[in-house]
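The chain contents come next:
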Amino acid sequence: MKSLIQKLTETFSPSGYENAIREVIRREVEPLADELRVDALGNLIARKGPSTGSGPAKGKKRLMLAAHMDEIGLIATHIDENGFVRFTGIGGIRPQALTGGRVRFVNGAAGVIGIERLSDPSKAPTLEQCFIDVGATSPKDCPVKVGDVCGFDRPFLDLGRRLVAKAMDDRIGCAVLIETLRALESTPHEVYFVFTTQEEVGLRGAHTAAFGVEPEIGLSVDVTGTGDTPKGSRMAVSLGKGPAIKVKDSGMLSDPRLVAWMCAGAEKARLPYQREVLEGGTTDAMAMQVSRAGVPAGCLSIPSRYIHSPSEMVDYEDVQNAVKLLTALVSKPIEW
Amino acid sequence: MPAIGNAQLKLLERLSNACAVSGDEGEVRKIVLAEIEGRADEIKVDALGNVLAIKKGSERKRLRVMLSAHMDEVGFMLVADDGEGIFRFEVIGSIDPRQLPGKAVLVGRDHTPGVIGARPIHLTTADERKRAIPVDSLRIDLGPGGKAKPGDRATFATPFRRVGPSLLGKALDNRLGVATLIELLRNAPPNVDLLAAFTVQEEIGLRGAKVAAFALDPDLGIAVDATPAHDQPSWDGEPAPFYNTRLGLGPALYVADRATLSDPRLVRWLTDSAEAAGLPYQIRQPGGGGTDAGAIHRARAGVPAVSVSVPHRYPHTAASLARLDDWKNTLALLHTALTRLTPAVLAGER
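The listed protein sequences correspond, in order, to chains A and B. For what it's worth, the working numbering labels the leading residue of the first sequence as 1, then goes sequentially. For what it's worth, the working numbering labels the leading residue of the second sequence as 1, then goes sequentially.
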């Protein structure tokens, strides 16, 4: 699974430009799915299990499992007369995570991020004070034009139990979905594994995918923060203590029946888990929950440090336990 | 090929001078309905007040293209009568409060003239002049007997003018788009089904386009709008890196704004069309802002969408300024691109 995680995280696909990652994931899931389609916004939708049409039988549900395949990135806004590239963010970019970083454009061009001389060096620069140096000397020899998109360039790092990469948010969720699909021998449910687009700019892919799939249960698989770093946020989630079952984040209250179902599933399978309350941020589950006439929704989270930096860290056992839990959950009939 | 001549400029003048603050778009809707009568297979006004007009093509394998232009404009609403023709008001849509004092306005459906009063410089202190006056300290003054009531809308009173190569008016955002869409409907190419949506309530959150896109259920969507140009010469001659768009460089194509990441296939289709026809275009600087495309692409199970805007300086103030040539090139690009539109555009790689 580590090589899959490496492959997924080293692919460049910022929001709106998910071509490359979609092809990587498509190659993984094509032999495993009963049906595969790409919708108008580029969501990759893989079905496993019987297609029931409307009104499945008792205990059998139409499930949507969503992991977003886009990542945060930068987009060029201006090429100046010396070939420097000005940019703005796609998704939640923090300027303090940029300086000295390297970027890779979707068209293959690479560059390094520089900043203007700061009048007050004790303050973080604004995005407007940053630029990308792609080695050009003028707009003419600049390989980048206005509107071109790039992601952080940082190789996958295997620390043994801990794994570090850019775009762990949410390629780790994609990896969990792929491995669950692989592990799932049979299911009574109609399960849609949805690799969504444009999550980082506002859950846009999940919004339209949920309308199209029309699930009876929506579950996202995404990263969540932790409270286990020096003087970090106060949060009762740690790396290595198991996948986190979301009770609440700032955009969604999980359906209590789903939380109970997931916790009971973990206990039955003797898998570690943590209950999660995230005070800032949300996931695709928020979009699924308010789709059409409403969908019971929840989220299985992978605890992650340094989210939205070029080096996001997860615990490999948490990841493997998430696959085990999700597989156990969707293998059996769901009663409530 | 549609062209912009005196008739189109007269129409833009009527549209710009009409008052249609978000939620009260009737005056523009009336003009639109009169102008497109008999030019579409189906015309209706939906529950929120959008004008939806469908002009079917005649060729086989046609894409259903939604073109959206919002009819509403930013403005004001009277909220309390202080007596003697003086009213408190709120801003509808986004307007910088610093733009308000001393401006003439038109109130209500009868266009009753009034002014947002300002204390003359003789009676202010140096300290007071440093601060913006909050909207709740401002009043619209119609004079005693001024015919108005709370709930009435008001707009800036700037009449449309032609100024050299430029167009000047209070509501070029987005009567430029409305006039463009009327011309496209009148000259609809046979290879597409043109679904025209003249939308309401864009300035307060893309509300009209949301329901219009649900109803029309198109294959792709294009928002036709007007976007800021912040391209004035700088004091030190250094080119500024943040200008959004520039006047005179042609229609502005969107790659990304706060509401939408344009479908890359549609951006390529537009740039290829412009280059094939020898028409100018510019990429609007990615950043903030939003158009009806933000609502259209999220409709139902998703709609590939893009935006094309006429650049203009000073939008959301009493008077904005666009170049006639940019408008002409925007209409020409949209028309030429539509004539080249086939299902292959959406079948290709993103």
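Think of the hints as simulated: they come from the structure by calculation, not from any bench. There could be a bad hint or two in this list.
To be verified - Covered stretches of chain A (chain B as the covering partner; in silico rule of three or more C-beta atoms under 8 Å from a C-beta of chain B): (1) 11 to 17; (2) 71 to 79; (3) 269 to 279.
Stated by the list, open to error - Residues on chain A that point at chain B, a partial pick, calculated with CB under 8 Å: (4) Ile90; (5) Glu128; (6) Gln129.
For every residue, glycine included, the Cβ atom is placed at its ideal position computed from N, Cα and C.
Need the list of violated hint numbers for this structure, in ascending order. Numbers 3 and 6 - these are the hints that the structure violates, sorted from lowest upward.
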